[in-house]
Amino acid sequence: MNSEPEDKTSISNFINTNNVLIVKENISKNNLIEKLVEILCKQDTSLDKNNILQLVLKREEGISTTLDTGLSIPHARFEGIDNFKCAFAILPNAALKDEGNDIDIKAMFLFVSPARSDFFKKHLNLLSNLSQTFQSQFISDIISLNSEQEIFEKIASKSS
Amino acid sequence: MSNSEENLNTTFLNKNSPLRVKKVVVLTTAMLTFIPFWKAAAVVLCDFGSSAFYVGGIAMRAFGQAFPWYVIAVMLFAGAMLAVYTESCSMFVRGGVYKVVKEGLGGTVAKVATGAIMFDFVLTGPISGVSAGHYLSGLINSLFHHFGVTMYIPENTFAVCFAILVTMFFWYQNVKGIEDSSDKSAKIIIFALFICVILFVWSIVTIAKRGAVLPTFALDFSDHAYGWVKPTLLQKIGMLGVVMAIGHSVLALSGLETMAQVFREIEYPKIKNLKKAAIIVFIFALVFTGGLTFLSSLIIPPEIIGQYSENLLSGLSMQLWGPQGLKLILQALVVFAGVIMLSGAVNTALIGSNGVLNRVAEDGVLTDWFRNIHPKYGTTHNIINVVAITQILIIVLSGGKVYLLGEAYAFGVLWSFVLETAAIVMLRFKNREKKREFMVPFNIKIKNYYFPVGITIILLILVALAGVNLFTKKTATITGISFTVFLFIVFWISEKLNAKKANAMFEEGHREKINTKNVNSLEEVLGKLNKPNTTLVAVKNPSNLYHFEEVLKTLDENTTDVVIFYAKPVTESRFGRNVSFAPTEENELFTKVILSAEKFGHRVMPILVQSNDAFYAISQVAKASGANQIVMGVSGSHGANNQLERLVMAWGALKKEELEKKINVRILWEGREVSHTLE
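Those sequence lines, one after another, are chains A and B. Just so we're aligned: the first sequence equals residues 1 to 160 in the numbering used here. Just so we're aligned: the second sequence equals residues 1001 to 1679 in the numbering used here.
Treat the hints as calculated values from the structure; they're not laboratory data. One or more of the hints may lead you astray.
Unchecked claim - Under the rule of at most 30 Å between Cα atoms (straight-line distance), these lysine-lysine pairs were calculated in the DSSO-like manner: (1) B:Lys1184 - B:Lys1327; (2) A:Lys122 - A:Lys49; (3) A:Lys154 - B:Lys1655; (4) A:Lys122 - B:Lys1184; (5) B:Lys1553 - A:Lys121; (6) B:Lys1540 - B:Lys1553; (7) A:Lys158 - A:Lys29; (8) B:Lys1540 - A:Lys97; (9) A:Lys121 - B:Lys1540; (10) B:Lys1435 - B:Lys1276; (11) A:Lys158 - A:Lys121; (12) B:Lys1655 - A:Lys158; (13) A:Lys58 - B:Lys1568; (14) A:Lys122 - B:Lys1662; (15) A:Lys58 - B:Lys1655; (16) B:Lys1662 - B:Lys1528; (17) B:Lys1184 - A:Lys29; (18) A:Lys97 - B:Lys1568; (19) B:Lys1623 - A:Lys122.
What the hints assert, rightly or not - Non-contacting residues of chain A with respect to chain B, defined by C-beta distances greater than 12 Å in every case (computed): (20) Ile22; (21) Asn51; (22) Leu127; (23) Glu153.
Quantities reported herein were computed from a predicted structural model and do not represent experimental measurements. Here a beta-carbon is modelled for each residue, glycine too, at the ideal position from N, C-alpha and C.
Let the sequences and hints guide you as you build the complete structure.
Below, the structure is given as structure tokens:
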């Protein structure tokens, strides 16, 4: 793993085969968020799923977290954790539209981060990193992959 | 996709991205370029200084050979009035007699003051145009005489025709909206200064050759100059004669209102630069108007000086010692200087009266007819038409007699000064907690009050002059009062007719006339930025420009360009669907931006883009401009953190390579700041 400056946030640090999901069926955005929250909470059983889900959905009511590339980044800041907790999904069939937008959501990266003020810079850096990494072409490449392992390796190679 | 859309998008975003910036508009308005103090002084002097060409002759006809002393006295008093105007500008960036009197003495008195200043403006054009016509006809007749041509141009008729032509020329320019640049004013004044130096030097040589006798102090009033005052009263009250003489000379103060008009255009630091401008105006006027008038009385023999009452400075040039041919050339130069300065004053009178009536109309006092915009040129042409027609009528009625116009002239000047000065005295008490960068000197501080001794003395002098003039200048009193009453009735009726609309306009507030220009790409407009640093200020809410003013307070204009940027939603905002803001009226927003920029006198570049996502637009503009700082106001509905989140997301999506320099993002609101660095 490459060493990185203190505030840099490499996406591959937070993704593994256990928190990647390939969604092929039709699904609503809120349901997808709920699924990802479940995955996230499985990784850390101390997390309260309903609490996190409410925080993420509340954040979704504000300024949009979906980019024109098709990446959606629902997230929330949560007390009681000391690092990012993430889950990632791809939608190869691209049947999910962000409400009120013309944009098809092709990938969703959900995360929670510590609510501490000293962590906010890392929080922002992750958001920036995600939008810089998941450009249109990259998302097209990823959604053509067939397994969680391939997705993880693709992201890892991009992040390094 | 058109080429222009290609230009907008290929550098940044996917061609099919719905978030792309759709259109770029640059707002161009002269209000956002600011001028240095010496250009501001030149603008004022083009009006104020032009009275040098006629005040001496008018004063001489009124009270005889003592005229130069009183013209100098009036020029010295101009220093006091400049101080009064400087204080009024320190209170109101967009001041002027209507605003100041309204704040100090109320709307009714403000209408009276407006009537008075309008009387000044509608007379400034004719007296300047007719005077210029006399100078020109005098030159032509001199040339005819020199070359033995037996023709003679009737000067009054010529003056009337010339004045009408000049008025019509500037009427047309003002309807088309071509504003006189301060550069032109500066060139005119520099030329006038050049002529002034020649006249001074040549006059000194003449005095050295021939000697000179100081003009008498004795007053010799013409019958007309007494007005309704009995001459025997002067014997009982000696000072009355002095006050009367000053009253007949005070028309030389016309043009100082231009100070208030030009203040909004002065660059940072505004009051400091205004003071410098005021000092230049004072010295120039004292030397040019006072000095040249005095030299005229020394050089032109008393027995023939009366022949030059309509063109005194021409008389000065013709009576100097030296060859006739050279003197003719000098006369031509003097006439040229006079014609361009006086013509400039005709234009200033039209611009000034248009400005004053627009200010009144903004308050809903005038009916919509006055504010109708020309379908092609976008100017308030009805106001300009009415003023120009009035001026032409006055020119015709005057028959080309400068003295007659001068007789009527002082009413407007004096009474507008009286009311403005009185208003400022009142505001010392009404707004005593309001800090002023400048106060007219001689104030006695008692507890929290600054008792205005100096300005009160000025007010008393003005009241005395205005009061005496009421009785000694019949033409001025009758025509001035009639005009002021007439205009007051027009205002009163218009205001009644406009009552409902006036309330709505008051709630809406003033909207600036803003010119826009579509450009093809961000680079086209942002490529003009050339300072080491660029600050991008994102604005949206006209009521939330705190962050913009904070930038202006600490701006170093020598090193930093400021781009004011508004991302107008193309359709209902797709992002932040629960955002409840209504699409902002950009005119209202940029009016506030202009007012803030004027307050500080800093040059800014305002642009408007159409976009579906403000944060993408901010990122695009920041990248295109090479900004090293982005400043935003806080969103009341989402908060600074969410704004930063969206911005970094948009920035990350646009960023293709590492930045050469970091961009500091600041979100400011009262007393608080959240910041982040984009890398």
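Quick rundown of the hints versus the structure:
Between Lys1184 of chain B and Lys1327 of chain B the CA atoms are separated by roughly 27 Å; this keeps the pair inside 30 Å, and the hint holds. Proximity of Lys122 of chain A to Lys49 of chain A is assessed by CA-CA distance (about 23 Å); at most 30 Å being required, the pair is judged to hold. Under the criterion of a C-alpha separation no larger than 30 Å, the hint pairing Lys154 of chain A with Lys1655 of chain B is consistent with the structure, at around 21 Å. With a C-alpha separation of about 57 Å, the suggested pair Lys122 of chain A and Lys1184 of chain B falls outside the 30 Å cut-off, and the hint is violated.
A hinted pair counts as satisfied when its Cα atoms are at most 30 Å apart, and Lys1553 of chain B with Lys121 of chain A qualifies at roughly 28 Å. Only pairs whose Cα atoms come within 30 Å are accepted, and Lys1540 of chain B paired with Lys1553 of chain B is accepted, the gap being roughly 20 Å. Among the hinted pairs, Lys158 of chain A with Lys29 of chain A is consistent with the structure: their alpha-carbon atoms are about 26 Å apart, no more than 30 Å. Between Lys1540 of chain B and Lys97 of chain A the CA atoms are separated by roughly 28 Å; this keeps the pair inside 30 Å, and the hint holds.
A distance of roughly 26 Å separates the Cα atoms of Lys121 of chain A and Lys1540 of chain B; the hinted pair therefore holds under the 30 Å criterion. With a C-alpha separation of about 20 Å, the suggested pair Lys1435 of chain B and Lys1276 of chain B falls inside the 30 Å cut-off, and the hint holds. The suggested pairing of Lys158 of chain A with Lys121 of chain A holds, with an alpha-carbon distance near 22 Å, which does not exceed 30 Å. A threshold of 30 Å between alpha carbons decides the hint, and for Lys1655 of chain B with Lys158 of chain A the separation of about 16 Å falls inside it, so the pair holds.
The straight-line distance between the Cα atoms of Lys58 of chain A and Lys1568 of chain B is roughly 26 Å, inside the 30 Å bound, and the hint therefore holds. Restraint check: the Cα-Cα separation between Lys122 of chain A and Lys1662 of chain B comes to about 16 Å, which is no more than 30 Å; the hinted pair holds. Proximity of Lys58 of chain A to Lys1655 of chain B is assessed by CA-CA distance (about 29 Å); at most 30 Å being required, the pair is judged to hold. Under the criterion of a C-alpha separation no larger than 30 Å, the hint pairing Lys1662 of chain B with Lys1528 of chain B is consistent with the structure, at around 21 Å.
For the hint pairing Lys1184 of chain B with Lys29 of chain A, the CA-to-CA distance comes to about 65 Å; that exceeds 30 Å, so the pair is violated. For the hint pairing Lys97 of chain A with Lys1568 of chain B, the CA-to-CA distance comes to about 24 Å; that is within 30 Å, so the pair holds. Of the pairs offered as hints, the one joining Lys1623 of chain B and Lys122 of chain A holds, with about 22 Å between alpha carbons and a cut-off of 30 Å not exceeded. Chain B leaves Ile22 of chain A outside its interface by the beta-carbon criterion, the shortest separation being 24 Å against a cut-off of 12 Å.
Non-interface call for Asn51 of chain A relative to chain B: holds, since the shortest CB-CB distance, roughly 19 Å, exceeds 12 Å. With a minimum CB-CB distance of about 5 Å to chain B, Leu127 of chain A fails to clear the 12 Å threshold, and the non-interface call is violated. No Cβ of chain B comes within 12 Å of the Cβ of Glu153 of chain A; the nearest lies about 22 Å off, and the non-interface call holds.
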